[in-house]
Amino acid sequence: MARRPVNPPAEGWSLTLPPRLWATLSQHLFRADGGAHGAVLLAGYAEGPRGPRLLARDLIIADEGADYIPGQYGHHALAPSFVRNAVLRARDEHSAYLAVHAHHGLDQVQFSRIDLASHQRGYPSLRQISGQVVGGLVLTPHAAAGDLWLPDGSRAQLAETVIPSGNLMRLRPSPAGEGRCDPQHDRQARMLGDLGQETLNRLRVAVVGLGGVGSVLVEELARLGVGELVLIDDETVDRTNLPRLIAAEPEDVGRLKTELAVRNALRANPDVRTVPVTRRVEHPKALAEIARCDWIFLAADGDAARHWVNAAAQQYLIPATQVGVKVPLTAQGEVGQIHTATRLILPGSNCLWCCRLIDPTRLAIDMQPAAERKAADYVPGVPAPSVITLNTLAAAEALNHFVLATAGLHQDESDHASVIHRPRTRQRDLQDPRHDPDCRWCTNAGHLGRGDDRKPV
Amino acid sequence: MTSLVPAVAEAVDAVRAHFAGHPVEAVADGTGGAFVTVEDVPISACFTPAATWLGFHISSAYPDADVYPHYVGQVSRSDRQPHGQAISPTTWRDRPALQISRRSPRRDPAIDSAALKAERILQWLAAQ
Numbered sequence: 048m049a050r051r052p053v054n055p056p057a058e059g060w061s062l063t064l065p066p067r068l069w070a071t072l073s074q075h076l077f078r079a080d081g082g083a084h085g086a087v088l089l090a091g092y093a094e095g096p097r098g099p100r101l102l103a104r105d106l107i108i109a110d111e112g113a114d115y116i117p118g119q120y121g122h123h124a125l126a127p128s129f130v131r132n133a134v135l136r137a138r139d140e141h142s143a144y145l146a147v148h149a150h151h152g153l154d155q156v157q158f159s160r161i162d163l164a165s166h167q168r169g170y171p172s173l174r175q176i177s178g179q180v181v182g183g184l185v186l187t188p189h190a191a192a193g194d195l196w197l198p199d200g201s202r203a204q205l206a207e208t209v210i211p212s213g214n215l216m217r218l219r220p221s222p223a224g225e226g227r228c229d230p231q232h233d234r235q236a237r238m239l240g241d242l243g244q245e246t247l248n249r250l251r252v253a254v255v256g257l258g259g260v261g262s263v264l265v266e267e268l269a270r271l272g273v274g275e276l277v278l279i280d281d282e283t284v285d286r287t288n289l290p291r292l293i294a295a296e297p298e299d300v301g302r303l304k305t306e307l308a309v310r311n312a313l314r315a316n317p318d319v320r321t322v323p324v325t326r327r328v329e330h331p332k333a334l335a336e337i338a339r340c341d342w343i344f345l346a347a348d349g350d351a352a353r354h355w356v357n358a359a360a361q362q363y364l365i366p367a368t369q370v371g372v373k374v375p376l377t378a379q380g381e382v383g384q385i386h387t388a389t390r391l392i393l394p395g396s397n398c399l400w401c402c403r404l405i406d407p408t409r410l411a412i413d414m415q416p417a418a419e420r421k422a423a424d425y426v427p428g429v430p431a432p433s434v435i436t437l438n439t440l441a442a443a444e445a446l447n448h449f450v451l452a453t454a455g456l457h458q459d460e461s462d463h464a465s466v467i468h469r470p471r472t473r474q475r476d477l478q479d480p481r482h483d484p485d486c487r488w489c490t491n492a493g494h495l496g497r498g499d500d501r502k503p504v
Numbered sequence: 302m303t304s305l306v307p308a309v310a311e312a313v314d315a316v317r318a319h320f321a322g323h324p325v326e327a328v329a330d331g332t333g334g335a336f337v338t339v340e341d342v343p344i345s346a347c348f349t350p351a352a353t354w355l356g357f358h359i360s361s362a363y364p365d366a367d368v369y370p371h372y373v374g375q376v377s378r379s380d381r382q383p384h385g386q387a388i389s390p391t392t393w394r395d396r397p398a399l400q401i402s403r404r405s406p407r408r409d410p411a412i413d414s415a416a417l418k419a420e421r422i423l424q425w426l427a428a429q
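Chains as they are written, first to last, in this note's numbering: chain A, 48 to 504; chain B, 302 to 429.
By construction, these hints were calculated from the structure, which means they are not laboratory data.
Incorrect hints may appear among the rest.
Chain A is faced by these chain B residues, among others (derived, beta-carbon under 10 Å) [as the list claims (entries may be wrong)]: (1) Ser360; (2) Ala362; (3) Gln382; (4) Thr392; (5) Arg394; (6) Pro397.
Which residues of chain B face chain A? A few of them, derived with a C-beta cut under 10 Å, are [to be verified]: (7) Gly333; (8) His358; (9) Ile359; (10) Ser361; (11) Trp393; (12) Arg408; (13) Ala411; (14) Asp413.
We put the CB at the ideal spot given by N, CA and C, even for glycine.
Model the full structure from these sequences, guided by the hints.
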C-alpha cells in the first residue's frame, strides 16, 4: 500500500483512537470482501492543545445482517435496536457516540449526500436522548472525516483523527497541503519532509524530570523545532549534577532545574514556547499541563512519576516514552549489567502497571510529602551511579523513535517494543509489552479514554 | 488547598466506618490525598499504654498505591524487650511515633482497602 500522508496537527475537534482499537476497527471495516461494515465508537472528552478532543474508549462492532442492515435510504444502516442500545450506553457513560463506516479510496474521504441526509434525520434526536456529542465518522485506511453534532445544538467538523501507534498517525479528510517550515530546519526536512518538520513545529511535548536524561531531551527537542515544551521538575541543581546537565555552569548550583531547561531551550531555539512547572508531576498543575500534550517524555526516577505519566497516557490517550538508565552495583561496589531502557507507553498498550514497572509500596513512599518521604523509606536508597554518555544513549534512542514516529517513517506501525541497550555486552534487545486484560488503567473497564470525566486529582 | 480525590474521600469514609466510635481526623495533603489519624485504638495488653493513636497517609494515587507505612504512638513492650524488625522510632506530623513498615505483597487494589490494612497492621502489632 502507498505510504500514508503525513498531516501536521490541525486546529479544532479531534478524535484519538488507541492503537488496539484502530487495529480492530480497521480489520472490521477494511475487509477484502469490499462489503459494507459499520460500528459505533464511544469516546470520552478532554481539552487538547489545539481544541476539544474525543478519546475513543470502546468499539461496538455492528454484525452484518443483524446490526448493519440494508438501509431504507441508502446502502446500509445501523439497525434501530443497535443504535438505541449504543446511544443509551453513551448517555449512561457520559460518552460521545460516533457511528463509523468506510468508503472506498485511500487518501481522501467525504460523506456522501446519503450519509449527510441520514445525519440530518437521526442525529438531532440521538443528541437529545444522550445529551452527548453525537456524530458520524467515515474512514479509509489513510483518511477520516467526521460530522459532530454538539450538545449545545451546534455542529462541527472533525479536523483530524489521531492514532498514536508505532507511527503517530493523523488522518484528515484530504491530505494537508505543502508543508511550511523554517529554512534553518532544511537539513532535517530533507529526511522528515516539510510536513514532518511542520508536525514537529506544532507539537506540544512534555519532559518530566530535568536531570541528566531530561536535560539531553530538552536540548534536542528544542533543536528539532518542537513548538512547545512543558518542563516539569521541582528540584534545584546540585554540584554533583553539573557533569550531566547540558550547558550547566558552577553558578547554576542552587538554581531551579526548570530555569536551566528554559534557558537551554531558548538558546537552542528562540522560537520555542516553554511552560516551566516547578512541581513534582503529581501536583495538580503539572497533571493539568501534561494532559494537554501531544507526547510525554518521562525522564524522572520514581514510582510516582511512572504512575502519573502512565495515567495520563491511558486516561488522555497520549503517547509517552519512559527513558531510564540503570547502573547496578553489587554490595562490594562492582558494576553489574548496565542497561538503558526506552519504553514506549501507548494508550491501551505498554501500560507500566501491566509491565509491572510500578511497585505499589514504592509508589506510596514516593507520594509522601518531602519531609515524610525520607523517613518512610525503611531501607533508604543511596545515590545511583550516573554518567552522561549513558544518559545520551537512552535519550537518543527515545528521540529517534519520536522523530521517526511523528514523520511516519517507522516501517512497522505495529512495532511497540521497548528497547534495552546493554552497553557492556554491546547488545540491543527489543522487549514486547505485557497486557493485563483486567488492568485498571489501560482497558475500557478502567481509565482508558476517560479524559476529563475522571480527573486524576 | 486541593480537596481529596474521590477514591481518597471514599477510603477515609471507610476508615471512619471501620473505626466507628473512635475520633478519626483526615487532613488534606495538598495534592488530593490525606493524612489520617485514628485516636485511642486498643492494641494489646502486651504494650504500655495498651491503646494509642494510629496514623497513615492515603495518597492521591490510592488505590493503586499501597498505604505505607503506618505510625503509632511510642508504646513500649510490657516485657521491656526491644521492638522487633519493621518497627522503628521516628516523628510523624510533629508527634513522637513508631513507624511500622509492613508491605502488602500481592496487593489487589480492588480489595485491599486502607481500612483493611489499618486493621491488619493493628493485628500484626498485637501479635508481636
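Hints and how they fare:
1. Ser360: This interface hint holds because 3 Å falls under the 10 Å limit.
2. Ala362: Interface hint status for Ala362 of chain B: holds (5 Å vs cutoff 10 Å).
3. Gln382: violated (21 Å)
4. Thr392: holds (8 Å)
5. Arg394: holds (8 Å)
6. Pro397: Constraint on Pro397 of chain B not satisfied, violated at 13 Å.
7. Gly333: Holds - the Cβ of Gly333 of chain B comes within 10 Å of chain A, reaching about 4 Å at its closest.
8. His358: holds (6 Å)
9. Ile359: Result: holds, 9 Å to nearest chain A Cβ.
10. Ser361: Holds, because the Cβ-Cβ distance from Ser361 of chain B to chain A comes to roughly 6 Å (cut-off 10 Å).
11. Trp393: Result: holds, 7 Å to nearest chain A Cβ.
12. Arg408: With a minimum Cβ separation of about 5 Å from chain A (threshold 10 Å), the hint on Arg408 of chain B holds.
13. Ala411: holds (8 Å)
14. Asp413: Check passed: Cβ of Asp413 of chain B comes within 9 Å of chain A, closer than 10 Å.
Checked against the numbered hints given earlier, the structure breaks hints 3 and 6 and satisfies all the rest.
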